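Q: Sequence:
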Amino acid sequence: MAVVISILLGCATLFVLWLTTKNRRKPTNPKDLPYPPGPKGLPLLGNALDMPAKEPWTKFAEWKKQYGDIIGLSVLGKSIIIVTSYEIVSELLDDRGAIYSDRPVNRTFNEHGDWGNFLAMIHYGESFHRQRKMLNDFLNPSGARNYHELLTQHSHELANHLLQHPDKFAKYNRFHISSVILNIVYGHKVKDENDEWINGADSAVTSAAEFGQMGAHPIDLFAILGKLPYRIWGKNFVEKLGALKRGAYDIGPKPYIWTKDKVLSGTVGPSIVSALIEQYSLPDGTIQYESDIYGSTGTVYLGGSDTSVTALDGLVLSMMVHPEIQKKAQQYIDEIISREDRLPELSDLNALPYISAMLKEILRWKPITPLGLPHASIMDDEYKGMFIPARSMIITDVMSMTSNENDFPDPYTFNPERYMDYSSEKPSLRSDVRDPFDIIFGFGRRACPGRHVAVAQMWIMCATLLSVFDIKCPLDDNGDEIRPDLEYVSSITSHPKPFKSVFAPRSERAVELLKASLLVNEQ
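Note that the working numbering gives residue 784 to position 76 of the sequence shown, counting from 1, and the numbers run on in steps of one.
The hints are simulated quantities; they were obtained by calculation from the structure and are not laboratory data.
Quick caveat, the model's predicted, so the values are computed rather than measured.
Treat the hints with care, since some could be wrong.
As the list claims (entries may be wrong) - Pair ranges (Cβ atoms, derived):
#1 Ser999 to Tyr938: 22 to 28 Å
#2 Glu1133 to Gly1093: 57 to 63 Å
#3 Leu741 to Pro849: 51 to 57 Å
#4 Val1228 to Asn907: 27 to 33 Å
#5 Lys1134 to Thr994: 42 to 48 Å
#6 Arg1050 to Thr766: 34 to 40 Å
#7 Leu741 to Gln1039: 38 to 44 Å
#8 Ala1098 to Arg1050: 40 to 46 Å
#9 Glu795 to Arg1050: 39 to 45 Å
#10 Val1228 to Lys1134: 50 to 56 Å
Every residue, glycine too, gets a C-beta built ideally from N, C-alpha and C.
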């Protein structure tokens, strides 16, 4: 019976595909310009069978050699443009942001899974602009400095946890980074690693990753299929869609409602959500734009931790396999903090360019979002004699950009030196090298609004850990190093496989300084 249903669904999908393709409005292309070059597809299916389900950037690298930096595909009648060059991405997404700031149609996530109101997923328009403004008021460079004390405090608490549990880095890394985000966004102070809010964000990420590739379900391609009962797609689909909806509630309405109740009762500390509630409250007690408030802040809640968690994972991995780089970073830190006998502070950032260079290289070496989140074109456009139809999906091949040999020679080698300038008395960051942050944190009007807080958080945690600990590989029973697997696991984001590490205190004085800072934080 299941086989019969599958066959019938397949036939129905193909029929709808044929009907939709047959009746679809042809793109207006009065100049009869060529579509960007790409592999030839099959009738109806187009390039659907050419798109790999796993690590598609490897296939994109092959196509880049054959077709160039901009590649055109057609999948089931949908236009897909793959851009592998930073220059082209910047020209399209930055310079022509009014055209290329939409998101592709994603009915399963947005309409059926209730993710459509989050800033990361929302379509370009009035709500998008409102949500961006809501966050920018708090997360711009000036606003980010308001959180420096909190970021420093949590970096010390992370170091203290590793002092007590040197084999629990993964656990406490996520705990402290998530704690910072929850405090900033909602004023929620996490007490332990079993906090339901941290678990809620983790569950939401898991549900999104397990659901599969965004925009790939037949419902995404043909709206009419979304009107059919969910059960026809199978029990697995129904269960995953339910998890997706629960995840959306757990990171959107649920924490917002909690914070609103606390604001009304006067029992919550300062936070982005509480400030927005006060800003948009009307005299009659109603609150304007509530869905935009929880849509914008829920995006920070969901995505804010992933970059920092994975970056700190990358720090530990790179230090374990490159002890010479670790030693050099520690020497720079010691030169600064030994003068005042203290731990690093965010005010030291400009005096410690090598730490910044390490962070840039960590995110370039193993990009967290190898393809970013796709953009979509709002209208027909022309680029260098090529035609880009309206509603095209624009895929930014981040992996290609961060491994471009012209920008980053020997790209698969971890090398912070590529960003360093030693031509003057004091080392500094080179201004003539591509900044990986400009790639990793997204493009145009969709660039990550929390970039400045994320960079500050990663920097102070990196500097603190290196000032207190030597990060080493564990040893086996024979005394040999257990080297970590440097391959990353990819889904919506990329992250390293589970690994073990050792955090050994560098000196008694480092431990004393850490303990003293914790006492100050408690006061």
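Q: Hint by hint, say whether it matches the structure.
A: Here is what the structure says about each hint:
1. Ser999 to Tyr938: 22 to 28 Å: holds (24 Å)
2. Glu1133 to Gly1093: 57 to 63 Å: Given about 50 Å between the Cβ atoms, the range is violated.
3. Leu741 to Pro849: 51 to 57 Å: Since the Cβ atoms of leucine 741 and proline 849 sit about 41 Å apart, the hinted range of 51 to 57 Å is violated.
4. Val1228 to Asn907: 27 to 33 Å: The hinted range 27 to 33 Å holds for valine 1228 and asparagine 907, with Cβ atoms some 31 Å apart.
5. Lys1134 to Thr994: 42 to 48 Å: violated (56 Å)
6. Arg1050 to Thr766: 34 to 40 Å: Hint violated: Cβ distance 46 Å, outside 34 to 40 Å.
7. Leu741 to Gln1039: 38 to 44 Å: Violated - the Cβ-Cβ distance for leucine 741 and glutamine 1039, about 57 Å, lies outside 38 to 44 Å.
8. Ala1098 to Arg1050: 40 to 46 Å: This hint is violated: roughly 57 Å between Cβ atoms.
9. Glu795 to Arg1050: 39 to 45 Å: holds (43 Å)
10. Val1228 to Lys1134: 50 to 56 Å: violated (30 Å)
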